[in-house]
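Colleague: Using the sequences and the hints, build the whole thing.
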Amino acid sequence: MQNRICIVTGANSGIGKATALGLARQNATVIMVCRNPAKGAAAQQDIIRESGNPNVDVMICDMASQASIRQFATDFQARYDRLHVLLHNAAVNMPTRELTSDGIETMFAVNHLAPFLLSRLLLDMLLASVPARIVIVSSIVHRTVRVDFDNLQGEQRFDAWWHYCRTKLMGMLFMHELAHRLEGTGVTANALHPGAIRTNLGHDYGGWMRVFLALVSRFGSSPEKGARTSLYLAMSPEVAGVNGQYFANCRAVEPADRARDDAAAQRLWQISEQLTHTVTKGVTHVHAAPVPYTRFSNSP
Numbered sequence: 000m001q002n003r004i005c006i007v008t009g010a011n012s013g014i015g016k017a018t019a020l021g022l023a024r025q026n027a028t029v030i031m032v033c034r035n036p037a038k039g040a041a042a043q044q045d046i047i048r049e050s051g052n053p054n055v056d057v058m059i060c061d062m063a064s065q066a067s068i069r070q071f072a073t074d075f076q077a078r079y080d081r082l083h084v085l086l087h088n089a090a091v092n093m094p095t096r097e098l099t100s101d102g103i104e105t106m107f108a109v110n111h112l113a114p115f116l117l118s119r120l121l122l123d124m125l126l127a128s129v130p131a132r133i134v135i136v137s138s139i140v141h142r143t144v145r146v147d148f149d150n151l152q153g154e155q156r157f158d159a160w161w162h163y164c165r166t167k168l169m170g171m172l173f174m175h176e177l178a179h180r181l182e183g184t185g186v187t188a189n190a191l192h193p194g195a196i197r198t199n200l201g202h203d204y205g206g207w208m209r210v211f212l213a214l215v216s217r218f219g220s221s222p223e224k225g226a227r228t229s230l231y232l233a234m235s236p237e238v239a240g241v242n243g244q245y246f247a248n249c250r251a252v253e254p255a256d257r258a259r260d261d262a263a264a265q266r267l268w269q270i271s272e273q274l275t276h277t278v279t280k281g282v283t284h285v286h287a288a289p290v291p292y293t294r295f296s297n298s299p
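Residue 36 in numbering that gives the first Met the number 0 sits at position 37 of the sequence shown, with consecutive numbering throughout.
Don't take each hint at face value.
[What the hints assert, rightly or not] Using 20 Å as the maximum straight-line C-alpha spacing, the simulated EDC-like pairs for lysine to aspartate or glutamate come out as follows:
hint, residue 1, residue 2
1, Lys224, Glu49
2, Lys38, Asp61
3, Lys224, Asp45
4, Lys38, Glu223
5, Lys38, Asp56
6, Lys38, Glu49
Don't read these hints as lab results, they were simulated from the structure.
Modeller: Shown next as structure tokens:
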């Protein structure tokens, strides 16, 4: 990974920090995207100390704010001239429905719109740096839901857990459409399930969800183990050129059928463009044939 420039969002703790550390240990230049400057700086020093790699940078961005995302993209492009890995790790899981400063429901904004917007803003740089990779941290929970386009932001009814699950399905649909559009360009897009990991995500829940998350926190895997598939997709030569796939435990598995619904993916893309005030630029071709998936039984 020498001379490779990698962005990791949500990099100050949990899987994001473990991913940033793994990249730094392989001599990549790592840009840790964090919301909190103090926590970002502390994590940066940990990673530099543990990896022995001084090329670890912290840049501040609030993924709930489109203005902040746009400013980060501008600042990054002023500081760096290449980008080889864009790893979307940042996510929130909130027990109540809240709106961002843009007037958008927060989980939908952070978990789906932020990766969509940041990928669009940095696409030209990725295309100029090929081979390059976009990696999206999704979840096995994408299998449990469908996208309700009449209730996309929980406007009519809001169940926090199921809404979180839907944002993870949206990430899969985003990857599916993005992979179609990037086919043959030298930039790939893949998604992954990190496993049941001990993190702070969802710690504000009450009731049965609090009990469930406490069990995950007690018996779940470490963030280091959860980062393995992210690192595999970011670095491994085994997946060079692999595009439009879903991975778990460092192997390609078949996602839910609803995660590769072309019509839903294209509809979500169009809505996302409207909500982020972006226009189609760069690669616009969409293949008629679906991106092939490696099929396994009993896949996550």
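Colleague: Please go over all the hints and tell whether each is borne out by the structure.
Modeller: Results for each hint:
1. Lys224 to Glu49: holds, 17 Å
2. Lys38 to Asp61: Within the cut-off at roughly 13 Å; holds.
3. Lys224 to Asp45: With Cα atoms ~18 Å apart, lysine 224 and aspartate 45 stay inside 20 Å; holds.
4. Lys38 to Glu223: With a Cα-Cα distance of about 19 Å, the restraint between lysine 38 and glutamate 223 holds, given a limit of 20 Å.
5. Lys38 to Asp56: holds, 13 Å
6. Lys38 to Glu49: Holds - the C-alpha atoms of glutamate 49 and lysine 38 are around 17 Å apart, at most 20 Å.
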